[in-house]
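Could you put together the complete structure from these sequences and hints?
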Amino acid sequence: MTDYPLSSSPARTGRILRRLLAATAVAGMLAASPALAQDAAIDADAVIRIGSLYEPQNLDNTAGAGQGISEAFNGNVYEALFQLTDSGDVVENLATGYEISEDGLTYTITLQPGVTFHSGDPLTSADVKFSIERVTAETSQSSRRNSLANIESIETPDDETVVITLATRSISLPYNLSYVWIVNDAATELTANADGTGPYRLDAWRRGSSLSLTPFENYWGEAPSNGGVVFQYFTDATALNNALLTNAVDIITAVQSPDSLAQFLDNPDFTVTEGQSTTKLLLAYNDRIEPFNNVTVRKALARAVNDEQLLQSIWGEYGTLIGSFVPPTDPWYVDLVDVDAYDPESARELLAEAGYPDGFSFTIDTPNYDPHPIVAQFLQNALAEVGVTVDINIITANEWYTKIYQAQDFEATLQEHVNHRDIVFYGNPNFYWGYDNPDVTRLIQEAEQSATVEEQTEKLAEANRIIAEDAASNWLYLYPQIVVSTASVSGYPINGLNSQFYAYDIEKRAE
Amino acid sequence: MLFVLLRLLPGDPASALISVGADASQIEAAREAVGSNLPLAQQFVRFVSDLARFDLGNSFVSRVPVLDEISARLTITIPLTLFAFLLSIVIAVPLGIIAAVRADRWYGAAISTVSQLGIAIPVFWVGILLVSAFAINLRLFPSGGFPLRGWADAGEALRALALPVLTIAIVMSASLLRYVRAATQDVLGSDYLRTARALGASFPEALIRHGIRNGSVPVISILGIELATTFLGAVVVERVFALPGLGSMLLLGIEQRDYPNVQGVLFISTLFVLLVGFAADLVQRLVDPRLRDRMGGRP
Amino acid sequence: MTTIADIPQAKPSRRGSLTLRVGLALLGIHLVLGLLTVFWTPYDPAAMAGGRLSPPSLAHWAGTDRLGRDLMTQIMIGSRIALMVGAGAVVIGALIGVTLGLLAAFATRFLDDVLAAALDILIAFPTLLLAMLVVAASESASLGTAIVALGIALSAIVARLTRILAKRVLAQDYITAARTSGTSWPMVVFKHILPNIWPTLSVNFALQFGLAVIAEASLSYLGLGAPPPNASWGRLLQEAQGTVYTAPLGAILPGIALVILVIGMNFLADGLRDRADPMRGAAR
Numbered sequence: 001m002t003d004y005p006l007s008s009s010p011a012r013t014g015r016i017l018r019r020l021l022a023a024t025a026v027a028g029m030l031a032a033s034p035a036l037a038q039d040a041a042i043d044a045d046a047v048i049r050i051g052s053l054y055e056p057q058n059l060d061n062t063a064g065a066g067q068g069i070s071e072a073f074n075g076n077v078y079e080a081l082f083q084l085t086d087s088g089d090v091v092e093n094l095a096t097g098y099e100i101s102e103d104g105l106t107y108t109i110t111l112q113p114g115v116t117f118h119s120g121d122p123l124t125s126a127d128v129k130f131s132i133e134r135v136t137a138e139t140s141q142s143s144r145r146n147s148l149a150n151i152e153s154i155e156t157p158d159d160e161t162v163v164i165t166l167a168t169r170s171i172s173l174p175y176n177l178s179y180v181w182i183v184n185d186a187a188t189e190l191t192a193n194a195d196g197t198g199p200y201r202l203d204a205w206r207r208g209s210s211l212s213l214t215p216f217e218n219y220w221g222e223a224p225s226n227g228g229v230v231f232q233y234f235t236d237a238t239a240l241n242n243a244l245l246t247n248a249v250d251i252i253t254a255v256q257s258p259d260s261l262a263q264f265l266d267n268p269d270f271t272v273t274e275g276q277s278t279t280k281l282l283l284a285y286n287d288r289i290e291p292f293n294n295v296t297v298r299k300a301l302a303r304a305v306n307d308e309q310l311l312q313s314i315w316g317e318y319g320t321l322i323g324s325f326v327p328p329t330d331p332w333y334v335d336l337v338d339v340d341a342y343d344p345e346s347a348r349e350l351l352a353e354a355g356y357p358d359g360f361s362f363t364i365d366t367p368n369y370d371p372h373p374i375v376a377q378f379l380q381n382a383l384a385e386v387g388v389t390v391d392i393n394i395i396t397a398n399e400w401y402t403k404i405y406q407a408q409d410f411e412a413t414l415q416e417h418v419n420h421r422d423i424v425f426y427g428n429p430n431f432y433w434g435y436d437n438p439d440v441t442r443l444i445q446e447a448e449q450s451a452t453v454e455e456q457t458e459k460l461a462e463a464n465r466i467i468a469e470d471a472a473s474n475w476l477y478l479y480p481q482i483v484v485s486t487a488s489v490s491g492y493p494i495n496g497l498n499s500q501f502y503a504y505d506i507e508k509r510a511e
Numbered sequence: 001m002l003f004v005l006l007r008l009l010p011g012d013p014a015s016a017l018i019s020v021g022a023d024a025s026q027i028e029a030a031r032e033a034v035g036s037n038l039p040l041a042q043q044f045v046r047f048v049s050d051l052a053r054f055d056l057g058n059s060f061v062s063r064v065p066v067l068d069e070i071s072a073r074l075t076i077t078i079p080l081t082l083f084a085f086l087l088s089i090v091i092a093v094p095l096g097i098i099a100a101v102r103a104d105r106w107y108g109a110a111i112s113t114v115s116q117l118g119i120a121i122p123v124f125w126v127g128i129l130l131v132s133a134f135a136i137n138l139r140l141f142p143s144g145g146f147p148l149r150g151w152a153d154a155g156e157a158l159r160a161l162a163l164p165v166l167t168i169a170i171v172m173s174a175s176l177l178r179y180v181r182a183a184t185q186d187v188l189g190s191d192y193l194r195t196a197r198a199l200g201a202s203f204p205e206a207l208i209r210h211g212i213r214n215g216s217v218p219v220i221s222i223l224g225i226e227l228a229t230t231f232l233g234a235v236v237v238e239r240v241f242a243l244p245g246l247g248s249m250l251l252l253g254i255e256q257r258d259y260p261n262v263q264g265v266l267f268i269s270t271l272f273v274l275l276v277g278f279a280a281d282l283v284q285r286l287v288d289p290r291l292r293d294r295m296g297g298r299p
Numbered sequence: 001m002t003t004i005a006d007i008p009q010a011k012p013s014r015r016g017s018l019t020l021r022v023g024l025a026l027l028g029i030h031l032v033l034g035l036l037t038v039f040w041t042p043y044d045p046a047a048m049a050g051g052r053l054s055p056p057s058l059a060h061w062a063g064t065d066r067l068g069r070d071l072m073t074q075i076m077i078g079s080r081i082a083l084m085v086g087a088g089a090v091v092i093g094a095l096i097g098v099t100l101g102l103l104a105a106f107a108t109r110f111l112d113d114v115l116a117a118a119l120d121i122l123i124a125f126p127t128l129l130l131a132m133l134v135v136a137a138s139e140s141a142s143l144g145t146a147i148v149a150l151g152i153a154l155s156a157i158v159a160r161l162t163r164i165l166a167k168r169v170l171a172q173d174y175i176t177a178a179r180t181s182g183t184s185w186p187m188v189v190f191k192h193i194l195p196n197i198w199p200t201l202s203v204n205f206a207l208q209f210g211l212a213v214i215a216e217a218s219l220s221y222l223g224l225g226a227p228p229p230n231a232s233w234g235r236l237l238q239e240a241q242g243t244v245y246t247a248p249l250g251a252i253l254p255g256i257a258l259v260i261l262v263i264g265m266n267f268l269a270d271g272l273r274d275r276a277d278p279m280r281g282a283a284r
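The listed protein sequences derive, respectively, from chains A, B and C. For the first sequence, the residue numbers in my numbering are 1 to 511. For the second sequence, the residue numbers in my numbering are 1 to 299. For the third sequence, the residue numbers in my numbering are 1 to 284.
Take the hints with a grain of salt, since some may be wrong.
[Said to hold, decoys possible] DEER-style ranges, computed between Cβ atoms: (1) A/Asn293 - B/Asp153: 54 to 60 Å; (2) A/Glu138 - C/Ala107: 53 to 59 Å; (3) B/Leu282 - C/Ala107: 48 to 54 Å; (4) B/Ala279 - C/Gln172: 44 to 50 Å; (5) C/Leu58 - A/Asn293: 45 to 51 Å; (6) B/Leu158 - A/Glu133: 45 to 51 Å; (7) A/Asn267 - C/Pro45: 51 to 57 Å; (8) C/Pro45 - B/Ser190: 51 to 57 Å; (9) B/Leu158 - A/Ala204: 20 to 26 Å.
In short, the hints are calculated from the structure, not lab data. Predicted model, so just to flag it, every value in this text is computed and none were measured. Beta carbons: idealized from backbone N, C-alpha and C, even for Gly.
Now the structure itself:
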């Protein structure tokens, strides 16, 4: 399965999480308190086996490796100047500090001293320049290429200093740099090898099966709490659950359905933790074309769908309703659930008002993996109630990418968007869903050039409200983010923000 | 033929390499890297000339040589196929003979009836049922996946293959059993067996000395076909049990439009089918002297 | 995954009529259920009438699925789809296969050898695998695509059998006589060959039917079959696999329905064979 950073398989959740919110574990769930794991002897040599559905396509995140590489390598094998923590804070990592010029256009960054790559080379500013330019290069396939496009120049006055000059202000620069791996500038063949500065080095990659990491002896920071990590890859969620049940893996990073949870919840051998999710399921229309270019039609369709019943069908007691594209953990969240709430009666009226008293018909291009096909059937039934006929066209992840994302040749599609802070997609009229509201575009641009976080938050909250009132897409629900592990391991990230899975703090008790 | 069929798949292979946010130049770069920007004819010439050198090319997606990946995955698919094949022979041959010789007893009839059931069950359903029974409820075997260190971890590897092997063997032995039973029945009705018995051989002795040799001839050619279909049919079983074998490589290749991988798998599979067919012919000739002089004896 | 087609039959003839009757009865269950769905189903198949995964009850005999749809209704519609797939695939497979097989039988020595070798390789590829490739090559999945794909995949088996049977007939003296006396080949085909090979072929078609039903379920299980809301048994099983702990019935009942249909067709084939070839049965 091909996965893209924004649109990926079930439950790979990116998420932001304020620490306070982290404490609000949902009732009925056993919240792990990993750091306080029982005294029992920790086996520092234990290899942690992590079960995942997201095998990378290759090992280079600028060569279209997919989200699986972020999961395995971010923070583990490669580090960045800044790190996005699991709780959503941007903290210094390979950078020890930075200064911003008066006009906000020049960032002077100092590097952590005494850092070496796995190959033994020391980290210098030239490596940093090389690494950033790898992402912004013509041939780079990084999804972050556009957000770093306003970098004008990178200078390296000495080995420990990097000076980045921007064309326009960018309040998210440290955040965006947290996606840029610092790679040894002498490294080659990065699609199959790795040379980073992280606490682990690559041991072996068995394609189609697993990827193993071993601790790096000369790591500049604190050594990992375990004896290594193995990512075991599965193509099927059921097989993954079964693997945990039969003790073939220690952790699964995201549970796919409430039904498989039942077997872990009432079993003391397992720990179930619910983190903060940013994965949004949405029915995206092609807002450029008839009838979806009509706000009234979009509002009618939003009112025709009972999101609460849908969420209950797919997730039982889990998950959250959302009224827009912004999850509660983003600072610019506003509760918009009541905007165009379920009301089939008024949906029919709006359709008549828009000139479709007898409804119309359209096709939903539906990715072939769970839960999309079943959600599409739900929508088909719900929209039939207001006279709108839906055809379901099942496509692979690959076709989704060519047909919808690239060619924008579709009427409507189902997709999950995992990243946090991705409201900015609505500010890009060329994005696949073609939502084009000049006010929103302007607000989102101004937000990025804000001088303060408060100003940025205010502008984005305003944009958020407009998008919701415009029913730009049909936001169905927010996935729950549930990590399950055997009871003997602790210390793992519970939010898996932006598909990352920092493994160095995981501990396993000796049996 | 494979080449043409594959090029009809919708979707550009390059897209598998590109992440969201790519612009036109990034896409062009990706197409160049995998060669999907070249005219079809040129791609075809490349393909044929590489094939002649037994170079199956590199994967569009991972850029790993196709042959490397195939050989890695064969370490799972070949044992899976062979174990399942041997197990079904062990099940089917004695049961098939019993079903024929003791057709008038209740157990003979029961065996025949159960084998009817076996050929009517889809293999993936057998897999689902076995997983729920043996992996989830009884926790005897892992439900899927293959150990990281592969066959270096022989015990675990065998355990991982237990349920998949059983799944294939159940379905395969059912149809094999029916061939064995039919072949035995033919032998039972034959003149030479009657002659042998008239000359004083006991029934089991006659059956073993004359029956098996004669009866095995048609069964061997069926065995060849069964072995080939098992090898290729592992697609579904590998999906159910999340085994990184040749079948899952094919399925993934189709989904990702990774033509070199798909072509490579089909090429190796065809080669395997031909080899097995040839081997079955050879064995048949060894067993049955009458066939030895007949060249290219196709029916 | 097995080529059931060539399984030699060995049922004693006195049980022949019994197998035929059992086969017809099992098939009949599905015919009745499947045809019934054209006019009536217990619930509207789309209606999300029950709760999420409710267990069997008087209102929902087989329980409901995740969306609260009646499972009995889905399984009944599955019958109809399976019958359509089986019949459709066999008709297409027969048209292509018989034509190719006859062509090979009549062809020159060289062409015949080539075709025979190609068919021998093709039949070693499981029906499912061939169908998978055909489906993958088509623009969009639909029930029609799946049926055509299966038909094409089956045609290799039919062609191989037709070729062998037709050659056997062609070798008969009276055919040679007819051909040398100038009877046109279409006459030979329709007057002599087809009537002669038809009994064996029709038995084979019944077996192919079962094969097609299994292959379609597997296609749907792999997500390559007819798109929803077509309630193919394979898709029902695939959807139920994830909820097998909370609602095991969903992963069992569609499988049982499928096995009943396929066994029914196989029995029917056995019965037909015994009737068409009583000598064979009597010999035992």
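Here is how each hint holds up against the structure:
1. A/Asn293 - B/Asp153: 54 to 60 Å: Holds - the Cβ-Cβ distance for A/Asn293 and B/Asp153, about 58 Å, lies within 54 to 60 Å.
2. A/Glu138 - C/Ala107: 53 to 59 Å: Because 57 Å falls inside the window, the suggested range holds.
3. B/Leu282 - C/Ala107: 48 to 54 Å: 28 Å, violated
4. B/Ala279 - C/Gln172: 44 to 50 Å: 34 Å, violated
5. C/Leu58 - A/Asn293: 45 to 51 Å: Given range 45 to 51 Å: holds, Cβ gap about 49 Å.
6. B/Leu158 - A/Glu133: 45 to 51 Å: The hinted range 45 to 51 Å holds for B/Leu158 and A/Glu133, with Cβ atoms some 50 Å apart.
7. A/Asn267 - C/Pro45: 51 to 57 Å: 36 Å, violated
8. C/Pro45 - B/Ser190: 51 to 57 Å: 56 Å, holds
9. B/Leu158 - A/Ala204: 20 to 26 Å: Because 21 Å falls inside the window, the suggested range holds.
Of the numbered hints stated above, those contradicted by the structure are hints 3, 4 and 7, listed in ascending order.
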